[in-house]
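Asker: Chain by chain, the residues:
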Amino acid sequence: MNSDIKVKLFLVDDDAVFLKTLEMEFLQHANFSIETFATGEDCLVALSHKPDAIILDYLLDGIEKNVMNGIEVLDRIKAYDPEIPVIMLSAQDKIEVAVDCMHHKAFDYVVKSETAFFRLQKIIRIIFKYRKMEKTLNWYMERM
Amino acid sequence: MEQFKTERSRYARSLIEASLDPLFTISLEGKITDLNKASTDIIGNTRENIIGTDFFGYFTEPIKAREVYQDVYKNGFVTNSPLTIKDNKLTDVLFNGSVYKDDAGNVLGVVVVARDITEQKRIATKLNEAIVFAELTTDIAEQAKSKAERATLIAENAVKAKQQFLSNMSHEIRTPMNAIVGFTKVLFKTDLTVKQKEYLSAIKMSGDALIVLINDILDLAKVDSGKMTFEKIPFKISLSLSAMIHLFETKIREKNLQVFKEYDNSIPDVLVGDPVRLHQIILNLVDNAVKFTSTGSITVSARLTKEDEENATIEFSVTDTGIGIAENKLTSIFENFQQASSNTSRLYGGTGLGLAIVKNLVEAQGGSIVVKSQIDTGTTFSFTLNFRKTDSLDESEEDIEEFAPGIKNIKVLVVEDILLNQLLMKTLLDDFGFQRDIAENGKIAIEMLIKDDYDIILMDLHMPVMNGFEATGYIRNELNNDIPIIALTADVTTVDLEKCRLVGMNDYIAKPVDDRLLYSKIVSVLKRSVYIKNVTDEATLRDKGTKFSCINLDGLIKRTKSNPVAVLEIIKAYLDQTPPLITAMNNGYKDKDWNKLYSAVHKMIPSFGIMGIKTDYENMAKTVQEYARAPEQANGIYDLVSQLSNVCTNACTELKEEYDRIKKTGL
Numbered sequence: 001m002n003s004d005i006k007v008k009l010f011l012v013d014d015d016a017v018f019l020k021t022l023e024m025e026f027l028q029h030a031n032f033s034i035e036t037f038a039t040g041e042d043c044l045v046a047l048s049h050k051p052d053a054i055i056l057d058y059l060l061d062g063i064e065k066n067v068m069n070g071i072e073v074l075d076r077i078k079a080y081d082p083e084i085p086v087i088m089l090s091a092q093d094k095i096e097v098a099v100d101c102m103h104h105k106a107f108d109y110v111v112k113s114e115t116a117f118f119r120l121q122k123i124i125r126i127i128f129k130y131r132k133m134e135k136t137l138n139w140y141m142e143r144m
Numbered sequence: 001m002e003q004f005k006t007e008r009s010r011y012a013r014s015l016i017e018a019s020l021d022p023l024f025t026i027s028l029e030g031k032i033t034d035l036n037k038a039s040t041d042i043i044g045n046t047r048e049n050i051i052g053t054d055f056f057g058y059f060t061e062p063i064k065a066r067e068v069y070q071d072v073y074k075n076g077f078v079t080n081s082p083l084t085i086k087d088n089k090l091t092d093v094l095f096n097g098s099v100y101k102d103d104a105g106n107v108l109g110v111v112v113v114a115r116d117i118t119e120q121k122r123i124a125t126k127l128n129e130a131i132v133f134a135e136l137t138t139d140i141a142e143q144a145k146s147k148a149e150r151a152t153l154i155a156e157n158a159v160k161a162k163q164q165f166l167s168n169m170s171h172e173i174r175t176p177m178n179a180i181v182g183f184t185k186v187l188f189k190t191d192l193t194v195k196q197k198e199y200l201s202a203i204k205m206s207g208d209a210l211i212v213l214i215n216d217i218l219d220l221a222k223v224d225s226g227k228m229t230f231e232k233i234p235f236k237i238s239l240s241l242s243a244m245i246h247l248f249e250t251k252i253r254e255k256n257l258q259v260f261k262e263y264d265n266s267i268p269d270v271l272v273g274d275p276v277r278l279h280q281i282i283l284n285l286v287d288n289a290v291k292f293t294s295t296g297s298i299t300v301s302a303r304l305t306k307e308d309e310e311n312a313t314i315e316f317s318v319t320d321t322g323i324g325i326a327e328n329k330l331t332s333i334f335e336n337f338q339q340a341s342s343n344t345s346r347l348y349g350g351t352g353l354g355l356a357i358v359k360n361l362v363e364a365q366g367g368s369i370v371v372k373s374q375i376d377t378g379t380t381f382s383f384t385l386n387f388r389k390t391d392s393l394d395e396s397e398e399d400i401e402e403f404a405p406g407i408k409n410i411k412v413l414v415v416e417d418i419l420l421n422q423l424l425m426k427t428l429l430d431d432f433g434f435q436r437d438i439a440e441n442g443k444i445a446i447e448m449l450i451k452d453d454y455d456i457i458l459m460d461l462h463m464p465v466m467n468g469f470e471a472t473g474y475i476r477n478e479l480n481n482d483i484p485i486i487a488l489t490a491d492v493t494t495v496d497l498e499k500c501r502l503v504g505m506n507d508y509i510a511k512p513v514d515d516r517l518l519y520s521k522i523v524s525v526l527k528r529s530v531y532i533k534n535v536t537d538e539a540t541l542r543d544k545g546t547k548f549s550c551i552n553l554d555g556l557i558k559r560t561k562s563n564p565v566a567v568l569e570i571i572k573a574y575l576d577q578t579p580p581l582i583t584a585m586n587n588g589y590k591d592k593d594w595n596k597l598y599s600a601v602h603k604m605i606p607s608f609g610i611m612g613i614k615t616d617y618e619n620m621a622k623t624v625q626e627y628a629r630a631p632e633q634a635n636g637i638y639d640l641v642s643q644l645s646n647v648c649t650n651a652c653t654e655l656k657e658e659y660d661r662i663k664k665t666g667l
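Just so you know, the sequences run in chain order A and B. Mapping the first sequence onto our numbering, position 108 (from 1) lands on 108, and the numbers just tick up by one. Mapping the second sequence onto our numbering, position 240 (from 1) lands on 240, and the numbers just tick up by one.
Read the hints as simulated data drawn from the structure, not as lab findings. Since this is a predicted model, take the numbers as computed values, not measurements. Virtual Cβ for every residue (Gly too), placed ideally from N, Cα, C. Please note that the accuracy of each hint is not assured.
Every beta carbon over 10 angstroms from chain A, so not counted as near; a handful from chain B, in silico [stated by the list, open to error]:
1) Thr40
2) Arg303
3) Glu335
Straight-line C-alpha distance at most 25 angstroms; calculated BS3-like pairs for lysine-lysine [as the list claims (entries may be wrong)]:
4) B:Lys251 x B:Lys261
5) A:Lys122 x B:Lys561
6) B:Lys261 x B:Lys590
7) B:Lys204 x B:Lys291
8) B:Lys558 x B:Lys664
9) B:Lys261 x B:Lys389
10) B:Lys189 x A:Lys94
11) A:Lys8 x B:Lys561
12) A:Lys8 x A:Lys78
13) B:Lys185 x B:Lys197
14) A:Lys122 x A:Lys132
15) B:Lys291 x A:Lys65
16) B:Lys74 x B:Lys101
17) B:Lys592 x A:Lys65
18) B:Lys596 x A:Lys94
19) B:Lys622 x B:Lys592
20) B:Lys86 x B:Lys31
21) A:Lys94 x A:Lys50
22) B:Lys197 x B:Lys251
23) B:Lys614 x A:Lys94
24) A:Lys94 x B:Lys622
25) B:Lys558 x A:Lys122
26) B:Lys622 x B:Lys527
27) B:Lys656 x B:Lys558
28) B:Lys411 x B:Lys527
29) B:Lys261 x B:Lys195
30) A:Lys132 x A:Lys94
31) B:Lys232 x B:Lys389
32) B:Lys561 x A:Lys6
33) B:Lys306 x B:Lys232
34) B:Lys261 x B:Lys291
35) B:Lys622 x A:Lys65
36) A:Lys65 x B:Lys590
37) A:Lys135 x A:Lys122
38) A:Lys105 x A:Lys132
39) B:Lys261 x B:Lys592
Using the sequences and the hints given, assemble the complete structure.
Answerer: Written as structure tokens, this is what we have:
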């Protein structure tokens, strides 16, 4: 992870309080640039900004009925670029939800709780570690 | 003159001849000198042959006849002297005679009237016979009466003995069953191989089946002896139906059947009746329907058939698309231990008690049950029951409590003498995460209660030294302690339950103890008392003038590394977001829009933690969320919704203050 190049994160959640808190927490760790979106639609429009990872809420259509839900947004992101890692967030600690997310190719699933931020941080670190390993591997493969 | 005399004489003669009683005149020598027609008839000889014969020769006892004859001379007359004429049929007569004299007063002879008393004699004999007969009959009747009394006494004793026997048996069987089923459940939670699990589930299923059978037999015995009592408490029929169907969902899904509920919305919301017995009836019917149906559907319906000012009559029916019942078996299926065919039990199992119980339960409540069926097409059981209408609310909603916000760190005192049961209760309570102490009998329990504080007591009823009733009485009256007490009993006859209530126990639970039921009872009993405690606690807090603060921003400040801008932004986000959510939640509940309720509460949950609102409320919100997912149960959550709404509104007010303060003075 290059410290001079900031990691670009998209945060998508209709819960403004949680979104704000999460944004604050990421911003305290200098090497992130954050874009936040209240709906999946807004997020999809901004995909051209090339995010390094997206943190996406599972239940986006709880209050607003005629918006996309988390899984739909996830599918669209994957259709746009399957390489963008998406970490799903949900208030429910339910195995069905987790499995659903995994089936739709989410990178991981995190329950909204006090420790959510630490989990996210760690997952993002893992994403980049993998990515680096992949790059190195490809580099060697090309050499061979 | 002479002419007149002859006429008089002829007249007299005709009178004499007309008499039906034999008349004789007898000379001083005892020879018959004259007689009338009745006399010739009775003797059966001609007048000419008789005149001049010896009078006494005509009687069975000539000597007695002569004595009577002599009496006439001595006294001048004789009356009603009984003699028997020696005719061909021995006619009984009463002999009346008097002397007759000439004008000069010389005795000429005797006039005798022998009155035939055959008829009187016959009647007299008959009367005698009748009297004797009547006396005999009375004797027999008395004997029969005392026999009947004896028989009644024996029958009564027999019924009592049967009751006692069943009660004892149920106790004796339930106690070991308690241990068997309980420890099987405990064993299930350990590491087992697949085979072991299989064997264990066979044990548990058999145990459960045995308990059901015992309960069934006990119920029948209670109905038989008229001891079955029905409660009259307000409850919600629609909730009952849903709960019953819910119980069978797994079974129904396993068999790939469909289940429908048809509920007539004109049925009054809350009615007064016995929900437990209604459950039992519907359970039995649905159980049958599921058992005998391999494809198709099961429909449970409730329809209002009659309604007036005070009562509502409801027809319930359970329809299946199963194997059906032959027409000639339609009545016998309601008898004890009867199934439609002897094959049934082999193919489908069961004891044949279910429908007998259903019929008894329905009829004992003044209802009726009918069955319609067609072989291979299906069966419909319908029964009607009368319920009283009421305005009062359903207060006795005892749903299984899965979530209990605020119930933690419970200290339970188990009073139980049997070692196995002690061990079982320990295991169960440890599983719930409760602390527990064991007392071997009531006396020890009281000593422990004086020394230590407990939240709830689980009290066995029958123990040596001091039993559960005595102990409870002492705790309530001598210690003046209103700690919740739940009775543990293997003998769930109405007598014992009444006694439990009388001595002041809060609830009871039947052994073998079902762990879920135990948990739910503990929680619901505690909730009631905790609620009361909380109210008083809050009241004291307010009295002391303490400002009740529902938010705590320490966590947020720490998370934002004391960045006032961040804190303000987050608070602002909360203040913008929350009021619409409160409205959405309240509306969702009001309009029964469970999805809306769910989503609103769902979105609230993460912010509780951020704003440092007590986790109790977060748990409460989670409970509401669970309820909203199972809307049949959602009617009971009004309290929770309104509490959440209050706490969030308070939080908003307080956060607004904080927001203004921080903006002015910083953190």
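Asker: Against this structure, judge whether each hint is valid.
Answerer: Against the structure, the hints:
1. Listed as a non-interface residue, threonine 40 (chain B) keeps its Cβ farther than 10 angstroms from every Cβ of chain A; the least gap is roughly 127 angstroms.
2. Distance to chain A confirms arginine 303 (chain B) as a non-interface residue, since its nearest Cβ pair spans about 36 angstroms, more than 10 angstroms.
3. Even its closest Cβ contact with chain A, about 48 angstroms, leaves glutamate 335 (chain B) beyond 10 angstroms, as expected for a residue assigned away from the interface.
4. The hinted pair formed by lysine 251 (chain B) and lysine 261 (chain B) meets the criterion: a straight-line CA distance of about 16 angstroms does not exceed 25 angstroms.
5. Using a Cα cut-off of 25 angstroms, the hinted pair lysine 122 (chain A) and lysine 561 (chain B) holds, with the two alpha carbons roughly 20 angstroms apart.
6. Taken as a hint, the lysine 261 (chain B) and lysine 590 (chain B) pair is honoured in the structure, with Cα atoms around 24 angstroms apart against an allowance of 25 angstroms.
7. Distance check on the hinted pair: lysine 204 (chain B) and lysine 291 (chain B) sit about 19 angstroms apart at the alpha-carbon level, within 25 angstroms; holds.
8. For the suggested pair lysine 558 (chain B) and lysine 664 (chain B), the alpha carbons sit about 20 angstroms apart, so the restraint of at most 25 angstroms is met.
9. Between lysine 261 (chain B) and lysine 389 (chain B), the direct Cα distance comes to roughly 23 angstroms. Compliance with the 25 angstroms bound is thereby established for this hinted pair.
10. Pair hint lysine 189 (chain B) plus lysine 94 (chain A) holds up; C-alpha atoms about 22 angstroms apart against a cutoff of 25 angstroms.
11. Proposed proximity of lysine 8 (chain A) and lysine 561 (chain B) is supported: the alpha carbons are some 22 angstroms apart, at most 25 angstroms.
12. Of the supplied pair hints, the one linking lysine 8 (chain A) and lysine 78 (chain A) holds, its CA atoms being roughly 17 angstroms apart against a limit of 25 angstroms.
13. Distance check on the hinted pair: lysine 185 (chain B) and lysine 197 (chain B) sit about 11 angstroms apart at the alpha-carbon level, within 25 angstroms; holds.
14. Restraint check: the Cα-Cα separation between lysine 122 (chain A) and lysine 132 (chain A) comes to about 15 angstroms, which is no more than 25 angstroms; the hinted pair holds.
15. For the given pair, lysine 291 (chain B) sits about 43 angstroms from lysine 65 (chain A) by alpha-carbon distance, which is inconsistent with the 25 angstroms threshold.
16. Distance hint between lysine 74 (chain B) and lysine 101 (chain B) is fulfilled; the C-alpha atoms sit about 14 angstroms from each other, no more than 25 angstroms.
17. The suggested pairing of lysine 592 (chain B) with lysine 65 (chain A) holds, with an alpha-carbon distance near 17 angstroms, which does not exceed 25 angstroms.
18. In summary, the hint linking lysine 596 (chain B) to lysine 94 (chain A) is supported, as the alpha carbons are separated by about 20 angstroms, within the 25 angstroms threshold.
19. This hinted pair checks out: lysine 622 (chain B) and lysine 592 (chain B) have alpha carbons roughly 18 angstroms apart, not beyond 25 angstroms.
20. Of the supplied pair hints, the one linking lysine 86 (chain B) and lysine 31 (chain B) holds, its CA atoms being roughly 16 angstroms apart against a limit of 25 angstroms.
21. Of the supplied pair hints, the one linking lysine 94 (chain A) and lysine 50 (chain A) is violated, its CA atoms being roughly 31 angstroms apart against a limit of 25 angstroms.
22. A threshold of 25 angstroms between alpha carbons decides the hint, and for lysine 197 (chain B) with lysine 251 (chain B) the separation of about 20 angstroms falls inside it, so the pair holds.
23. For the given pair, lysine 614 (chain B) sits about 23 angstroms from lysine 94 (chain A) by alpha-carbon distance, which is consistent with the 25 angstroms threshold.
24. Straight-line distance between C-alpha atoms of lysine 94 (chain A) and lysine 622 (chain B) comes to about 13 angstroms, which keeps the hinted pair within the 25 angstroms bound.
25. For the hint pairing lysine 558 (chain B) with lysine 122 (chain A), the CA-to-CA distance comes to about 20 angstroms; that is within 25 angstroms, so the pair holds.
26. As the CA atoms of lysine 622 (chain B) and lysine 527 (chain B) are separated by approximately 17 angstroms, the hinted pair is consistent with the 25 angstroms bound.
27. Restraint check: the Cα-Cα separation between lysine 656 (chain B) and lysine 558 (chain B) comes to about 20 angstroms, which is no more than 25 angstroms; the hinted pair holds.
28. For the hint pairing lysine 411 (chain B) with lysine 527 (chain B), the CA-to-CA distance comes to about 14 angstroms; that is within 25 angstroms, so the pair holds.
29. For the hint linking lysine 261 (chain B) to lysine 195 (chain B), the alpha-carbon distance of about 39 angstroms lies beyond 25 angstroms, and the restraint is violated.
30. With a C-alpha separation of about 32 angstroms, the suggested pair lysine 132 (chain A) and lysine 94 (chain A) falls outside the 25 angstroms cut-off, and the hint is violated.
31. For the hint pairing lysine 232 (chain B) with lysine 389 (chain B), the CA-to-CA distance comes to about 11 angstroms; that is within 25 angstroms, so the pair holds.
32. Annotation: proposed proximity of lysine 561 (chain B) to lysine 6 (chain A) holds, straight-line Cα distance about 21 angstroms (limit 25 angstroms).
33. At most 25 angstroms may separate the alpha-carbon atoms for a hinted pair to count; lysine 306 (chain B) and lysine 232 (chain B) meet this at roughly 20 angstroms.
34. Our distance criterion of 25 angstroms between C-alpha atoms is met by lysine 261 (chain B) and lysine 291 (chain B), whose separation comes to about 18 angstroms.
35. Distance check on the hinted pair: lysine 622 (chain B) and lysine 65 (chain A) sit about 21 angstroms apart at the alpha-carbon level, within 25 angstroms; holds.
36. A threshold of 25 angstroms between alpha carbons decides the hint, and for lysine 65 (chain A) with lysine 590 (chain B) the separation of about 19 angstroms falls inside it, so the pair holds.
37. At roughly 20 angstroms between alpha-carbon atoms, lysine 135 (chain A) and lysine 122 (chain A) fall within 25 angstroms of each other, so this suggested pair holds.
38. Using a Cα cut-off of 25 angstroms, the hinted pair lysine 105 (chain A) and lysine 132 (chain A) holds, with the two alpha carbons roughly 20 angstroms apart.
39. Between lysine 261 (chain B) and lysine 592 (chain B) the CA atoms are separated by roughly 19 angstroms; this keeps the pair inside 25 angstroms, and the hint holds.
The structure shown violates the earlier hints numbered 15, 21, 29 and 30.
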